[in-house]
Amino acid sequence: MANSAIQRLLHPRSIAVLGASDNPVKLSGRPIELMKRFGYTGRLLPVNARRAEVQGLPAYRDLDEIDGEIDLAMVMLPADKVADGLRDCAARGIPAAIVGASGFAEIGARGEHLQRQLEAVIAETGIRVLGPNCLGMFSLRDRAMPTFTSAMDDSSALVDGPAAFVSQSGAFGTFIFSAAQHAGLGISHFLNTGNEADLSVAEVLGGLVETDGVEVLMAYLEGVHRGRELLAVARRAHELDKPILVVKVGSSEAGARAARSHTASLAGEDAVFDGAARQHGIVRLAGQEQLLDTAQVFAGGRRARGRRLSTLSLSGGAGVLMADVASDNGLLVQPWDEAWQQQMAEVIPAYGSPRNPIDLTATLISDPDLLRRGLDVAVRHPGTDMIAVLLGNADNASAQLIDAIEQAHRATDRPLVVVWTGGSGRPRRRLQELGIPCFTDPGRAAAALGKLADFSLRPPLPEPERPDDIDEQVVRAIIQDLRDEGRTQLDEHESSRLIAAYGIPCAGAFPAKTPDAAVAAAHELGGPVAVKLLSRSIGHKSDIGGVRLGLTGDAEIRVAAEELLTVARDAGDPGARLLVQRMAAGTELIVGIKRDPAFGPVVVVGFGGVLVDVLADSRVGVAPLDVDAAERLLLSLRGSRLFGEVRGKPARDLGAAADAVARLSWLAHDLADDIAELDVNPLLLDEVGKGVIAVDCLAVLTPAE
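Residue numbers (the numbering used here): 373 to 1077.
Treat the hints loosely; a few may be bogus.
As the list claims (entries may be wrong) - Quick list of simulated restraints, FRET-style, between CB atoms:
{"hint": "1", "residue 1": "Ala481", "residue 2": "Pro834", "range": "22 to 28 Å"}
{"hint": "2", "residue 1": "Leu612", "residue 2": "Lys1062", "range": "26 to 32 Å"}
{"hint": "3", "residue 1": "Ala604", "residue 2": "Gly498", "range": "17 to 23 Å"}
{"hint": "4", "residue 1": "Gly899", "residue 2": "Gly678", "range": "29 to 35 Å"}
Said to hold, decoys possible - Okay, derived cross-link-like pairs now, SDA-like style, lysine to any residue, Cα gap no bigger than 20 Å in a straight line:
{"hint": "5", "residue 1": "Lys1021", "residue 2": "Ala957"}
{"hint": "6", "residue 1": "Lys966", "residue 2": "Ala643"}
{"hint": "7", "residue 1": "Lys966", "residue 2": "Ala873"}
{"hint": "8", "residue 1": "Lys453", "residue 2": "Phe520"}
{"hint": "9", "residue 1": "Lys885", "residue 2": "Thr938"}
Simulated from the structure, these hints should not be mistaken for laboratory data. Using N, Cα and C, we set each Cβ at its ideal position, and we do this for glycine too.
Required output: the full structure, derived from the provided sequences and hints.
See the structure below:
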């Protein structure tokens, strides 16, 4: 029923407008006016208790006067009347409604009360609601326009197409829609989710991803309420080869604060969204310009087989610039081999360059057919995955140049874009009409092609498999013991036992109550040892001098133990014990888990040790992860070169680190209701074949309910 309601929202065959005005200029009259103007072919049903006719259509005093099914209601009532209006819709059997009124949670306590009333009606009746505080939606494909936006006023620009756009912001979303229309990017559906009292961006995208003819999904997000739902949609889009292009704001403190006040969104931690998007193939973009550029490249449905870009230009300088910006975006502009250079050399002037970037020279202006000949070679070149044509001005020769580009575009299924700088703009508009992406700047073209290559070559998204060697009995015993004692803080020894039960290697260690016991433990372990405070109340031992490293002799160990027990007493924990641990060495990582309010349990990886806050090099993944996804997460760190051979030091055991991260992500998943946070810092990474070892671990349980 829920999915059916969303489909009827997206493709309504009949629309009732509650509170419809006879005045087409009023917000409550706009939906009727727009649907009449654009030829909506479904049943359009104005509801107005005081009028027999609205804008030339028969009006109904209430919903009960209307015969037959109603797919969608647009509730154009004041905020304090909305809950009753929705109740009437549900009683009439209407599956979905749009609430345009503002004055709900976005304005604070007064509006929150009204939104809770609205949410109670939704929960009680099961009606699905878009909004409140939203502009509604429109479908150019169905000419259904239950909206009061002004974006429709320029009717000459409306272009249907393969893209659909969902925005949490109404006005700004329609600004982007209008810009897309003027750029020649066809958008079939636009929906504004507003406060998301019911339907979220994720649910709307879930309906659109199943819609035939929608091939590119676009979204503008101020916050994410239901992260796991969004990732489920991303997984489905991944299966259907439909990209989800997202602009997510709120990355700064000021932006997050503004997002909350605008649509009552929880912006959440931006790093979590960024990691979730990267992990699930969501294409995150920096702003409006990048969103539209990238959507244009995706709209043609072409995919890149690799990252090799061949560029043909009338300016050698433009070709060099394109090579630079292409490299910045992960693309490869490589010289062609000699045989293919020779083929290109046969069709271009002797003073041109056939290497790649290919310089066709300014002869192109007087001999436009030169572009056709050059492109004929480029589309046959087996080492080309994408083609970029760089032109400028040349209005007088534009017709022949465009013909050559169109022929090449038809002759290949590889992505082909044009950068046309200067001139009147008419050539760019003509190329857009032909469905050929056209830009004014090489950097914008390269950025869009880079995103296309990333998506085209994205890794598979298999369901992670849970390790079969987890010692669940130990895990349950540790958690139960702490619950029985009423504690939430695990000490280091308990925390290490917990992760060891998930198969994560831990450094050999023994707890000790006295200096003599510490010496005995050191003898048992052998070699240099570390002596640390073992406390249930002191979390970060190094902050108070609670760690001694590289100890060897009995006297040294005994003195260190006595000093640490004194430190513990001074810090307010006279019952603290000691942990004697075998020394270990390696590249220091931090691996942690926490619970995100939108995405649930997540795992954080970074370069660690005591400098973790200084290095600030970390990435986030949504739990659980498989080993391949964990390895990609580690390789996305800025310092990932440290995993390879560096200055004579052998490469690190990246596979073992990925296995440990994957296992910890399963701990986060399995114990999501019990573990509030957990840090392994450091996880020491040895050379290839020698694995990893957890040296310090701290876990905190969620409070008992």
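Do the hints match the structure? See the list:
At about 46 Å, the CB distance of Ala481 to Pro834 disagrees with the hint of 22 to 28 Å. For Leu612 and Lys1062, the Cβ-Cβ distance of about 43 Å falls outside the hinted range of 26 to 32 Å, so the restraint is violated. With their beta carbons about 21 Å apart, Ala604 and Gly498 fall inside the hinted range of 17 to 23 Å. Separated by about 50 Å at the C-beta atoms, Gly899 and Gly678 break the suggested range of 29 to 35 Å.
Restraint check for Lys1021 and Ala957: the C-alpha separation of about 13 Å stays at or below 20 Å, so the hint holds. Only pairs whose Cα atoms come within 20 Å are accepted, and Lys966 paired with Ala643 is accepted, the gap being roughly 13 Å. A C-alpha spacing of about 19 Å is found between Lys966 and Ala873, which places the hinted pair at or below 20 Å, so the restraint holds. For the suggested pair Lys453 and Phe520, the alpha carbons sit about 19 Å apart, so the restraint of at most 20 Å is met.
With a C-alpha separation of about 13 Å, the suggested pair Lys885 and Thr938 falls inside the 20 Å cut-off, and the hint holds.
Consistency note: the structure conflicts with the earlier hints numbered 1, 2, 4.
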